[in-house]
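There are 2 protein chains.
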Amino acid sequence: MLIRFMKNNLIRPSIVKMLAYTPGEQPRIPGLIKLNTNETPYPPSPKVARAIRRILNGSLRLYPDPVCLNLRAAIAKRYGFKIDEVFCGNGSDEILGACFRAFVDGGQVVQFPFPTYSLYPVLSKIHHARIREIPCGKDFSLALAQFDPRATLTFVANPNSPTGTLLSNAFLRKLARRLKGVLVIDEAYVDFAKSHALPLVRTEKNVIVTRTSSKSFALAGLRVGYAIGNRELIGALFKIKDSYNLDRLAQAAGQAAIEDIAYHRRLIKKVNRTREWCRRELIKRGWHTPPSEGNFLFTRPARHPAKKWLDILRKNKILIRWFEHPQIRDWLRISIGSDAEMRQLLKIVDKSN
Amino acid sequence: MLIRFMKNNLIRPSIVKMLAYTPGEQPRIPGLIKLNTNETPYPPSPKVARAIRRILNGSLRLYPDPVCLNLRAAIAKRYGFKIDEVFCGNGSDEILGACFRAFVDGGQVVQFPFPTYSLYPVLSKIHHARIREIPCGKDFSLALAQFDPRATLTFVANPNSPTGTLLSNAFLRKLARRLKGVLVIDEAYVDFAKSHALPLVRTEKNVIVTRTSSKSFALAGLRVGYAIGNRELIGALFKIKDSYNLDRLAQAAGQAAIEDIAYHRRLIKKVNRTREWCRRELIKRGWHTPPSEGNFLFTRPARHPAKKWLDILRKNKILIRWFEHPQIRDWLRISIGSDAEMRQLLKIVDKSN
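One line per chain: the protein sequences are A and B, in this order. Everything in the first sequence is counted per the working numbering, starting at 1381 for the first residue and increasing by one. Everything in the second sequence is counted per the working numbering, starting at 1381 for the first residue and increasing by one.
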């Protein structure tokens, strides 16, 4: 961050103490291969640009639809839900924050596994929740009994980042039924996985599934997230949202991307194929690389410590992600880029492996 | 809203009780004259579309700059501040919410005048603040002594909506010095006014000025708000913001709009000229219409009650805004449209006046 924070009685003490969430770097070095923030190497559907161009001819001066009807209708149609079971947000990050404002009073328990998306603890602190971190096993597995049934809000990223692991719907259903509070299943990466939890929304009244167009729809540059859940929960999110939380271009782009099913499927297939090939190549090189259900691999490298590999790759203009925490500091998260980008990665690996 | 809210112990009791903020209608009737949400009748700078088109050729798949450096640099340059005195948000609405998360713990006093922007009480309820509403005088004036010095957060929309009144910088400076907490001066409409409060940011450590590109920059369809304040306060907003709160297109569009100073000035001049002409015309017709410093007029109509005029105009495909509250139910807020739109309004008025 740019700014140092001093004691200041204008600012909430809990915020003064807090460290900001650190997103993966977004540097602007030409020729850089960015495998650090799980973006997609391919562009979005060409229908996205067309939809945006249409709006440029006139309506930018007008407020967007405050309730995103067309976009929600497209999502509802594609996944077989009713429009009032769908909420849209400025990225799924906004939806995660909205879940706190709708469901959590200060002092209540919010739980999530570790390691996982590092925004959950940041949001928990902002909203004065009591954080309960559930440590994953050595193989990044979780047991039902680890979850506190009384938690007001439970987050499970599925597939999980950075580990790439997927919980079964049978597990998630048991978890939902164990919990008194709301279960948010954060499916940012689910389109790259072999199953998804939307069927649970139909049977479990306390489940919200969140998704994003940043990964499999190749729209990280826009911010289009959505949530699917029963209408009571979705209705609460509507109550506390900003009046115009999603701009015209994002709504139109999101809709175009969601509706282009053929393009979406092709893109996912391509990324997954590259992931599987790349996984085999890393394993050949002695890197411990469990299966991943996301558009990234989580791998324990050979020969050098993970941090050293981070530096080696960075020197060669390849950015990947490393997390400074005892449980995962031996691991690297590598986003799946194009085949050429992954070949370049393997080439650099081979030089120092 | 689409959804009825039932008792549900998954949702915070305060949210269950709450009514959602109701934005002005955004209907899609062809030929409608929209004078109800203070949009601008003219398109944004042509440089906006150009900036957006450039991004369509490639980088939508990549995350935006999380800290909006180029946009903030443009704002800092235009208004003579340092880049770390500038924060950008997904509309100034997001910034207003961020002020709660950064400065207000539950149970603290948040104050604002009445009538004013109806989002302040909504946000106050979401964040468990104790609301202190400061009633305006009959002429919509405010006295310094009405403000509670101990309030944690004070909002003053300046110019105020729906009244169009402007507080002087001398008043605001005294107010800032009276207050122990943070003073947010919401300048959504200030570009149409004869003064602005940015000079106060330089001398008062507890002042944040918020602005939007929705009005004078004709970018309501995007969501680009910004805040200028001392770096301690701005730094706190950065800590609690979503990691990528402003998308690529919004950042580029906002920057292009801010940098096209000549276009911006022309647009403001045009709107203000129409406003003054329209005000004289309404006064001629016996409508009590005080001066306004926004891109709207607040007027007490002749002959029929305000609500009746709302219906008459709606029947004639003109939307304006009426607020159901005893103190202002005799008034109408009319956004300044194009000359042709205002002529049409006056024509309908003449038929029933």
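Calculated from the structure, these hints are not laboratory results. Be careful, since some hints might not be right.
Note that the list lumps identical chains together, so a pair holds whenever it fits in one copy or between two copies.
Unchecked claim - In silico lysine to aspartate or glutamate, EDC-like type, Cα no more than 20 angstroms apart, as pairs:
no.	residue 1	residue 2
1	K1560	E1584
2	K1727	E1612
3	K1697	D1730
4	K1427	D1710
5	K1731	D1691
6	K1697	D1445
7	K1427	E1661
8	K1397	D1710
9	K1695	E1612
10	K1518	D1719
11	K1554	E1721
Within, between, both or neither: K1697, D1445 at alpha-carbon 20 angstroms: between (42 angstroms within a copy, 19 angstroms between copies)
Status of E1661 relative to K1427 across identical chains (alpha carbons, at most 20 angstroms): neither (35 angstroms within a copy, 47 angstroms between copies)
Identical-chain pair category, K1731 with D1691, by Cα at 20 angstroms: Within one copy only: 14 angstroms inside, 76 angstroms across.
Homomeric proximity label, K1695 with E1612: Cα distance no greater than 20 angstroms: Classified as neither; 51 angstroms inside a copy, 35 angstroms across copies.
Alpha-carbon proximity between K1397 and D1710, which holds within one copy, between copies, both or neither at 20 angstroms: neither (28 angstroms within a copy, 49 angstroms between copies)
Alpha-carbon proximity between K1697 and D1730, which holds within one copy, between copies, both or neither at 20 angstroms: within (15 angstroms within a copy, 70 angstroms between copies)
K1427 and D1710: within-copy, between-copy, both or neither at 20 angstroms Cα: Neither: 42 angstroms inside a copy, 48 angstroms across copies.
Homo-oligomer pair classification [E1584, K1560; C-alpha up to 20 angstroms]: within (12 angstroms within a copy, 47 angstroms between copies)
Homo-oligomer pair classification [D1719, K1518; C-alpha up to 20 angstroms]: neither (31 angstroms within a copy, 70 angstroms between copies)
Homomeric proximity label, K1727 with E1612: Cα distance no greater than 20 angstroms: neither (52 angstroms within a copy, 46 angstroms between copies)
Alpha-carbon proximity between K1554 and E1721, which holds within one copy, between copies, both or neither at 20 angstroms: neither (41 angstroms within a copy, 60 angstroms between copies)
Checked against the numbered hints listed earlier, the structure breaks hints 2, 4, 7, 8, 9, 10 and 11; every other hint is satisfied.
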